[in-house]
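Participant: Please model the complete structure; the sequences and the hints are all you need to start from.
If you're matching them up, the sequences are chains A and B in order.
With the first sequence counted from 1, adding 7 to any position gets you the numbering used here.
With the second sequence counted from 1, adding 2 to any position gets you the numbering used here.
It should be emphasised that the hints constitute simulated quantities derived from the structure, not laboratory data.
Glycine included, each C-beta is placed from N, C-alpha and C at the ideal position.
Where hints are given, some of them may not hold.
As the list claims (entries may be wrong) - Quick list of the computed label-pair ranges, beta carbon to beta carbon:
1) B:F384 - A:F23: 36 to 42 Å
2) B:W42 - A:K59: 51 to 57 Å
3) B:I369 - A:I188: 29 to 35 Å
4) A:I634 - B:M49: 24 to 30 Å
5) B:E275 - A:P102: 39 to 45 Å
6) B:Q101 - A:P297: 53 to 59 Å
7) A:G18 - B:E275: 40 to 46 Å
Stated by the list, open to error - Residues on chain B that point at chain A, a partial pick, calculated with CB under 8 Å:
8) G327
9) W330
10) W338
11) K356
12) G357
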Amino acid sequence: MNKSRQQKPAGLWLEFLGSMNLAITMLVVIAVASVIGTVLQQNQPYQDYIIKFGPYWHEIFKVLDLYDVYGAVWFLLLLGFLLLSTSVCVYRNGPGMLRDMRHFRLNMKEKSLRVMRNFREWTLNDSPQQVEQTFTQYFNNKGYRARRKEHEGVTILALMKGQMNRLGYLFTHVGIVVICIGGLMDGNLGLSIKEWLGGIKIEKRDIAAKEVPPISRLGPGENWSFRGSITLPEDSVSNMVFLNIRDGYLVQELPFAVELKEFRVEHYASGQPKSFESDLVIHDDQLEEPMEETIAVNHPLIYRGYAIYQASFSDGGTKMQLKAWPLFDSNPQPIELDGKVAARRQIETPNGVMTIEFENFKEFNVFPADEELAVAPDKVEQSEMVRGGTMGQSSKKFTNYGPSFTFRVRQPNGEAREFVNYMVPVRQEGRYFFLSGMRESQAEPFRYLHIPADDKMSVDRFMRLHAWLNDEARVRRIAEQSARQAMSEANMQDKQMLQNIVTSMVRLTSEFNRGGYQAIDQRIQQTVPEQQQMKVAETYLKILNTVLENLYWELLQAEGVALEQGISPEQGRWFEDAVNALASMGPYSSPFYLQMTDFDLRQASGLQITRSPGKNVVYLGCVMLMIGVFLMFYITHQRLWVMIRPEGQGSRVMLAGMGNRNQTDFSKGFDSLADELDRHYASRQ
Amino acid sequence: MAVTKEQFNKDFGKESFFKQLSLFDWIWAAALLFGAGYAWNKYSALMDNYEVGILFGSAIALIALGWYWKATRNLMIAIAAISLFAVSLYGNDLGQSEQNFFLKFLVSSQSATMWMSALFVMATVTYFVYLAKPNEFIGKVATSMVWVATTMGFVGLMVRWRESYLISHDVGHIPVSNLYEVFILFAIITALIYLFYEARTRAKGMGAFALTIISASIAFLLWYHFEKGAHEIEPLVPALQSYWMKIHVPANFVGYGAFALAAMLGVAYLLVERAQKRNPQSSFVARMPSLDMLDDIMHKTIALGFAFFTVATILGAMWAAEAWGGYWSWDPKETWALIVWLNYAAWLHMRLTKGWRGAPLAWWAIIGLFVTTFAFLGVNMFLSGLHSYGEL
Chain A
8 MNKSRQQKPA GLWLEFLGSM NLAITMLVVI AVASVIGTVL QQNQPYQDYI IKFGPYWHEI
68 FKVLDLYDVY GAVWFLLLLG FLLLSTSVCV YRNGPGMLRD MRHFRLNMKE KSLRVMRNFR
128 EWTLNDSPQQ VEQTFTQYFN NKGYRARRKE HEGVTILALM KGQMNRLGYL FTHVGIVVIC
188 IGGLMDGNLG LSIKEWLGGI KIEKRDIAAK EVPPISRLGP GENWSFRGSI TLPEDSVSNM
248 VFLNIRDGYL VQELPFAVEL KEFRVEHYAS GQPKSFESDL VIHDDQLEEP MEETIAVNHP
308 LIYRGYAIYQ ASFSDGGTKM QLKAWPLFDS NPQPIELDGK VAARRQIETP NGVMTIEFEN
368 FKEFNVFPAD EELAVAPDKV EQSEMVRGGT MGQSSKKFTN YGPSFTFRVR QPNGEAREFV
428 NYMVPVRQEG RYFFLSGMRE SQAEPFRYLH IPADDKMSVD RFMRLHAWLN DEARVRRIAE
488 QSARQAMSEA NMQDKQMLQN IVTSMVRLTS EFNRGGYQAI DQRIQQTVPE QQQMKVAETY
548 LKILNTVLEN LYWELLQAEG VALEQGISPE QGRWFEDAVN ALASMGPYSS PFYLQMTDFD
608 LRQASGLQIT RSPGKNVVYL GCVMLMIGVF LMFYITHQRL WVMIRPEGQG SRVMLAGMGN
668 RNQTDFSKGF DSLADELDRH YASRQ
Chain B
3 MAVTKEQFNK DFGKESFFKQ LSLFDWIWAA ALLFGAGYAW NKYSALMDNY EVGILFGSAI
63 ALIALGWYWK ATRNLMIAIA AISLFAVSLY GNDLGQSEQN FFLKFLVSSQ SATMWMSALF
123 VMATVTYFVY LAKPNEFIGK VATSMVWVAT TMGFVGLMVR WRESYLISHD VGHIPVSNLY
183 EVFILFAIIT ALIYLFYEAR TRAKGMGAFA LTIISASIAF LLWYHFEKGA HEIEPLVPAL
243 QSYWMKIHVP ANFVGYGAFA LAAMLGVAYL LVERAQKRNP QSSFVARMPS LDMLDDIMHK
303 TIALGFAFFT VATILGAMWA AEAWGGYWSW DPKETWALIV WLNYAAWLHM RLTKGWRGAP
363 LAWWAIIGLF VTTFAFLGVN MFLSGLHSYG EL
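Facilitator: Written out as structure tokens, the structure reads:
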């Protein structure tokens, strides 16, 4: 057969597009292509990709659009192909299916009935009319619809049931087409074309929304479908959102303005977040007065076809009262400062003018209680916390470490370290500490300085101890005191020796003050022969401890603490903790410690504002798909034929049938129908 | 002789579905509606309109299920009776789970789940014994074990639901919110689908295969419980506080359960086919259902799974539209749901239009299980995204 050669090219194309092979291939190809976008994290900053894959592969991946697979032209083409293939399939098979639903196929010959898989035959005494009446009524009761034809004395009844199965085919396939159309309406194809034609330009600079040029702005009616986001601080108003596109953005203007009154996080007793809510006010000329509405996760506000969602939260510029304790000075007087999240301020230090960049403020820090802070997640993406479930880890007890703030200290040479300081002391192993974490890059975890809180739950005593350590005259005096005491105990009176001991004590103390135990260790390794290192280290530590102990003693006396009974166990433990903290001061390497004394919280709510006119189209398609699937799988289009021939006084009856799916079950059903008829006639013979 | 109307009606009757229902069917339906009404009357203050709809919708769905598959009426009655017994033992004191004898050893959610686990594993062994020595009694024991295990699994979830409210009013939620809970759901739904086809075909040889995958999920469940402490009831994260969870998750697990069962039938098919080639008279072949029957049930379970998975994915999209601001965001979980869907769509097209049968489709069903497992577990383990409620 060369039928296909006679067909026109258009017909050939239709054949190809509507072919089952193409459809199944498309299903599999799209499934495989979809995997890419789940394995490769999509729409990350390009910088991250370059680090991950290197510049060579980055370029290739970029050209192939692998960073935005689902928006890529080739992926849309694949989807388009599936859509086309499905449409052609419906176009070619749909009309036939619809005909099949109504067509009873009365023109069946006896021969064709006899070859059917389901066939029965009876010879009955009843007249053809009686038989026809009985059969008609019987199948009528069973829910079959019938058509009748008489030809040369032979009566044919064509019976049909379950035609809806054919609708199942139509519904599922048309449903898919409708879903794709709806999806296309909501896709950013229009925007891409506009960009391609040069009508818009994606903005890549980090500038204020007001300064974005008109070519990167979309008017309220200009873009009928979008998903944009905006971070709105409390008591601020906005009438635009940002559309993130690849490594840039566009500004989408809204026909109304949104104001955030308040953002709230509520917590369960265990400390996990229970709800995220924003009190919004909509300002619109169309409204007689502003509309107040509260949104929460799972409860968006739909206004004029725009949906406003709670998507994330962040700080909106919290103001903080701070004390900067100088760590280079012998003067324990802190400087009062105020700071504001996202703001900067400069501070003078002996190492030059440093810039404090306030990054973030967190009112609550809830961590699983059994985890050490050092490994606690210090940066959970807040949008994931709001919209997803990263807190779903199983561990029942949570601890709230209270408010904290993060900031960077930038040195004159541009280098910066990041710090996180907690406002209130945190209880660990029964004692209280002020925590301050430091790291040199974002990739590292924070390393924490544990400043022991004193009896008044303040940092004062520690800061004074630290300042005194910086006071060389004081250290020298104390060293002299303790050296004299030690020598007189040993009955020695060598002035030179005393001087030597004092000098080494002072040097040791100042080394410890600058670099902790590490500095002393390093010195020993450099200057002492290996066999004696252990012994020398022991001696050094003893000496150092003597100085520190005497310093502490003097400090307590200065504070007016009664010391007749000696040092209490609590005071002893405080001292150990303080020495540990002093030892980490070197690596902490900040010229000051920032203590937060008060704050004025101002939060910001991350809103997502969308407009998707295709949504209802998609839902329509979904409903069709759902109905279609069940019709197709659970209804069988059954056809039966009854052929009645007069035979003598009585008649001969043939019953044959076929179903379009699930032959086993259909045969069972057929047999039970025929058996019932059997019994009926047997009982009447 | 003309057919009298009486004679006709005597022989055929007018086959109305409702007329076939027994008095028990009606009493049972009334009891379900009464139960739903009671719950509504008592708890309506805690429900929104959608949840009231879901409550009565599920009552009607359960009535339909019980009328269609009569054995589930007894199942539901047993679940309700035992669960109510456990709830009454609790009163308002969660501490009873350690003090009360019945709760501690039998019907607290932890104990019930443990009973379920033990019974499923024992049933698996029994089905294998049955394969080796096909004795009707052993078969009956195996089937009963699966029924009882399923009952206990449901009781475990029901009681857990109550327990969550006993922890704290705001912690309370339906237990389909994390990986631990849905693993129980997976086991009992898979068991139910299996029981349905066992009852229909009387082919118990499949049991060893179906119960193997259930036992595998039990092994995971126990590991998850003892190693990770995942059995603790956690409050709901804000994103999950929605009525959608009540329908999206169960619908999904009918899909997962059916796909898992289909894959195991695929394994059975391939083994029977191989055994048949070697020795058509082997006892294994004799004890297993015919190849045609395995193929047929495999097709039916995939169709069932596909239908429910379609519904579940659509419900998921609708939920996403409400929670995440878009019905489709190509989130890894969404994308993998699509991949699973496309995979089985291709499978069904192969069978329905290309007429494929037997071994190739059996292999495909097995591969399908791997794809499904990745969508179910792998996405949460290896990929990041918004749908990370069940992290390991």
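Participant: None of the hints should be skipped; say for each whether it holds.
Facilitator: Hint check results:
At about 38 Å, the beta-carbon gap between F384 (chain B) and F23 (chain A) stays in the expected band of 36 to 42 Å. One distance hint, 51 to 57 Å for the beta-carbon pair W42 (chain B) and K59 (chain A), holds here, with the actual separation near 54 Å. Remark: the range hint 29 to 35 Å for I369 (chain B) to I188 (chain A) is upheld by a beta-carbon distance near 32 Å. Checked against the hint of 24 to 30 Å, the pair I634 (chain A) and M49 (chain B) passes, with Cβ atoms roughly 27 Å apart.
Taking 39 to 45 Å as the suggested C-beta distance range, the pair E275 (chain B) and P102 (chain A) conforms, at roughly 41 Å. Here the CB-CB span from Q101 (chain B) to P297 (chain A) is close to 57 Å, well matched to the stated 53 to 59 Å. For G18 (chain A) paired with E275 (chain B), a C-beta distance near 42 Å keeps the hint of 40 to 46 Å intact. Here the hint on G327 (chain B) is kept, as its CB sits about 4 Å from the closest CB of chain A, short of 8 Å.
Evaluation of the W330 (chain B) hint against chain A yields a held restraint, the C-beta minimum of about 7 Å falling below 8 Å. Satisfaction of the interface hint for W338 (chain B) is found here, the shortest Cβ-Cβ separation to chain A being roughly 6 Å, below the 8 Å cut-off. For K356 (chain B), the shortest C-beta to C-beta distance to chain A is roughly 6 Å, which falls under 8 Å, so the interface hint holds. Evaluation of the G357 (chain B) hint against chain A yields a violated restraint, the C-beta minimum of about 10 Å exceeding 8 Å.
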